[in-house]
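Asker: This is what each chain is made of:
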Amino acid sequence: MVDHISLLLVVVPLIAAPVVAVLPRGRLPWALSFIVATLCAVLAGMQLWSILHEGAISYELGGWAPPWGIEYRIDAVNAFVALIVAAIAAITLPYALLSTEREIPEEKIPLFYSAMLLCLTGLLGITQTGDIFNVFVFLEISSLASYALISLGRQRQAFTSAYQYLIMGTIGATFYLIGVGLIYSQTGSLNMQDLAAILPDVLHLKTVETGFAFIMIGIALKLALFPLHLWLPNAYTYAPSVVTVFLAATATKVAVYVMLRILFTVFPQGFALTTPADELFIVAGIAGIIVASVYAIYQENTKRLLAYSSVAQVGYMALGIGFASATGVTATLIHLFNHALMKGALFMAIGAIIYRIGACRMDQINGLGRAMPWTFGAIVIGGLSLVGVPGTAGFISKWYLVVAALEQEAWISVAVILLGSLLAVVYVGKLIEALYFKPVSDAGKEVSEAPILLLMPTWGLVFANLYFGLDTDLTVGVAEKAAAVLGVMRP
Amino acid sequence: MSAEALLLTILLLPLAGAAGIIITCRTPNVREGVTLLTSALIAILVVVLATRFMDGEVFALTLIEPLPGIAIAFEIEALGILFALVAGLLWVVTSVYSIGYMRGHNEQNQTRFFAAFAVSIAATMGIAFSANLVTLFLFYELLTLSTYPLVTHAGTPEAKQGGRAYLGILLGTSIGLFLLGILVTWSLTGRVDFQAGGILAGHVDPAWAGLLYALFLFGIGKAAVMPFHRWLPAAMVAPTPVSALLHAVAVVKAGVFTLLKVTIYIFGGEFILSNDVTGGLIWMAAATILIASMVAMTKDNLKARLAYSTVSQLSYIVLGVMLASKAGLIGASMHIAMHAFAKITLFFGAGAIMVASHKKRVSELNGLGRAMPVTFATFFIGTLSIIGLPPFGGMWSKWYLALGAVETTQLLLLAVLMISSLLNIIYLLPIPIRAFFSKPESGEHYTKIAEAPKSMLLAMVITSTACVILFFYPDPFYRLAGLAAGGY
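Chains as they are written, first to last, in my numbering: chain A, 18 to 508; chain B, 4 to 491.
Where hints are given, some of them may not hold.
Stated by the list, open to error - Calculated cross-link-like contacts (lysine-lysine; reagent style BS3-like; alpha-carbon spacing at most 25 Å): (1) B:Lys302 with B:Lys363; (2) B:Lys457 with B:Lys302; (3) B:Lys163 with A:Lys455; (4) B:Lys362 with B:Lys163; (5) B:Lys163 with B:Lys302; (6) B:Lys363 with B:Lys457; (7) B:Lys363 with B:Lys163; (8) A:Lys447 with B:Lys163; (9) A:Lys462 with B:Lys163.
Said to hold, decoys possible - Short, incomplete list of chain A residues facing chain B, as computed with Cβ under 10 Å: (10) Val36; (11) Ile215; (12) Val397; (13) Pro407; (14) Ile413; (15) Trp416; (16) Ala422; (17) Glu424; (18) Leu436; (19) Ser438; (20) Leu439; (21) Glu497.
No lab work stands behind these hints: they were computed from the structure. Note that the structure is predicted; figures quoted are calculated from it, not measured. Where a beta carbon is used, it is the ideal one built from N, C-alpha and C, also for glycine.
Next up, chain A with everything else stripped away, as it sits in the complex (with noise of 0.2 Å):
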């Protein structure tokens, strides 16, 4: 049983996933999502345990030998992106009981749920294959779902922002598959440890180069990269809030984990670094984080302010793969769990003001955090965490990358890693004096503090970002390994 644990993480909600379909209404679906989600979770930390203690796991779908057979292999990288993806559902699942009661129409819950567990498969195959092709087959899975559950926001930008994304995603999933193609074609291998050991060779082969930079550009689509980013903030914006908080804490998080694998593991050391790829990294991490965070200041919608605040943070993950080194591969991989972390407490306090009061905008919210103390601390701890104030997790990821950009003698990387702290500063402080200074506006008259339900699993986030502002071996322990697993290319 424990030896299939890799394979059951995906086949587990692939089930699930017509069955909560065909259920009655009611809680049903609700209740099978949940125990499916959770049961995810403990399998994804009972894997990581696995890898640290002893060693990678290398499984064989269908006992056919790879590198013909697809084969599922998990190091300290995957299962660590794995437990993120996995925890966040199973923490988003009991917040989605209430959430998705406000939001989405009562006869489209069951294939909301449906749709739910379907992009949990996807991310958490992306995460678990150890075959390019396969990250392509569940990079769509989870990117069909998120367009289907995207589409169900309540209003009618819903569809527009699905369409969108979709389009785009597509384009990029293109990419990706043509980037495939021109590799598998001068290799014959769709296997990444075979990859791994064939390509060498082959470098030099104007194909393989091209492939490399389609399957660059893919990926960098998928991950809102700075400036091909402009789907996330309409998706996250219109999305129904359970979406927003799931979609935020992991598909931009799953999507730099397929990068890092392409980048250092499939490719040989040294490789991305002859190419302008390390360079171009560091550019569009350093426009996105100053860009995206300018923007967030100047946003009405809350929703929006904090999508555009990720892209600023999938910026901060790009300096830390641009640099190349140790420290910037260890700094990428703790701000993926942290971010995680952040904007899921985030999105889902004002998920909670969006049940309160339907709206979300900045005018709407006004003097909000006086009638919902408990959701205001929340956005307070949140926000502080994403500046980066010691004490919660946000200051982690920023201490590492700042050591990076120091090692590497990086000066406006650092110049720009703190800036972008400070404007963070404004956008946050921004989102606070219109929740408590701003009297309260007709929107928000007679509101009471959100329901438990809420209220739990966003508060369990929030002490997730001080646990993990203070106790650091998961987090920087696993990711250090992890680095050390991917292959350093520079000391």
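Starting from the known structure of chain A, arrange chain B on it as the hints suggest.
Answerer: Below, chain B without anything else, positioned relative to chain A:
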């Protein structure tokens, strides 16, 4: 009680107090009792800690290690005790004062006020006892954040603006410059702990050492060195007890204390002297002293005048630190204490005047001394201590600072100190003198204005008496300052 337990109690007790204040929010008298009890206990515990320290006991405590090699750790050394003593003793006095003020002024949101106050004191103690830069940074930021609700207490648009300037400057300097300094130190040396003699020697190219010091000097915005001083006048929008304890004592002294720790225990005296690290930067402190004093002269709003006076006085301490001499350091450390007691008296007075007569401007105070004799008498004592005249404690710190300037043959800096004392006289002394000896402006007679509430008077009398006592008995602070300077 074991050393670690004592230390942990001092750190946690104010937080427990804050929780207690929130729990008892419905019964104001019990709630105020919680504040008084907690602050009294802290004062006692800090004195016990100081006594045991001076008897030679060693205290160290390590909590958790968030970053590899860097733990949240505490240790007691002379400067930290000095700072903790000042903050701890003055908290209980301020609590007595604030109860009178908040009730006399009919303030709203008192629970939030007293709870945030307690958290701020916890943060101050954390700063005082930090064993390394990261722990100190943690509590430094916590102090900024916990004082924000106090600064914006009134909830008015002015309070919000003041809060923005406060947070913007303090967080901007701490994240943009101070944190950068810490990270650069870590990158260069692989450590961030405080050690006598400094940790940078041999790791830093002397050409860049000055730049690194500048990162700390300007990054520690709470020391209010120009041009990052504007947060202090902006914070005057807070209720006066906040201005008194936090912005005359805890927050600002946390700033100069941090700078002292960085100078002595990260850079080290020898390193600074041999590489002339502070040569150019010391003029920023000198400029701040003079410019702030001159601005103070132009301010009619009493709290604004006192705020700029504080900016100027803080740079005395910064100057003393950068002189890199033993006397200068003793002067700087003692000024932390002397200035605290004197300034808090002045701020207490400003608050008393506001509560009793609703007057905020210096030009309105003529003749008020006859209606409020105790208030202005204590204000007078505080003024003389700030100017540095005997028989008041302020004289000792000025003496040592001047001695430090002479020792290092920085006669121009000595001139700056002298001129500044003159400016102090010009902008502070007229206030009590006109209150007692001038006629009220519009010829009105102050029949309806009586003295401030008793608890406020009590606090003022205590702190002004302390100014006198400290002249005759500066020993505890002198000894601690000497111990700190010994490690220089």
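Asker: Holds or violated: lysine 302 of chain B and lysine 363 of chain B, Cα atoms, limit 25 Å.
Answerer: Satisfied, since the Cα-Cα distance of roughly 11 Å is no more than 25 Å.
Asker: Is lysine 363 of chain B close enough to lysine 163 of chain B, meaning Cα to Cα at most 25 Å?
Answerer: Given that 25 Å is the threshold and the Cα spacing comes to 20 Å, the pair holds.
Asker: Identify whether the interface hint at leucine 436 of chain A stands, where standing means a beta carbon of chain B within less than 10 Å of its own.
Answerer: 7 Å, holds
Asker: Can the restraint linking lysine 362 of chain B and lysine 163 of chain B be considered satisfied, given a maximum Cα separation of 25 Å?
Answerer: At roughly 22 Å apart (the allowed maximum being 25 Å), lysine 163 of chain B and lysine 362 of chain B satisfy the hint.
Asker: Below or equal to 25 Å on CA atoms is what counts here, so check lysine 462 of chain A against lysine 163 of chain B.
Answerer: 22 Å, holds
Asker: Does alanine 422 of chain A hold up as a contact with chain B if the rule is Cβ-Cβ below 10 Å?
Answerer: Holds, about 9 Å.
Asker: Have a go at the valine 36 of chain A hint: is there a Cβ in chain B nearer than 10 Å to its own Cβ?
Answerer: 43 Å, violated
Asker: Tell me if the interface restraint on proline 407 of chain A is satisfied: Cβ within less than 10 Å of some Cβ in chain B.
Answerer: Hint on proline 407 of chain A: holds, closest Cβ of chain B at ~4 Å, below 10 Å.
Asker: With a cut-off of 10 Å, does the beta carbon of leucine 439 of chain A approach a beta carbon of chain B closely enough for the hint to hold?
Answerer: 6 Å, holds
Asker: A closest beta-carbon separation below 10 Å is what the hint needs, so does valine 397 of chain A meet it against chain B?
Answerer: 9 Å, holds
Asker: For the restraint on glutamate 424 of chain A, tell me whether the closest CB of chain B is nearer than 10 Å.
Answerer: Check passed: Cβ of glutamate 424 of chain A comes within 7 Å of chain B, closer than 10 Å.
Asker: Does lysine 457 of chain B pair with lysine 302 of chain B here, judged by a C-alpha cut-off of 25 Å?
Answerer: 29 Å, violated
Checked against the numbered hints above, the structure violates hints 2, 10, 11; every other hint is satisfied.
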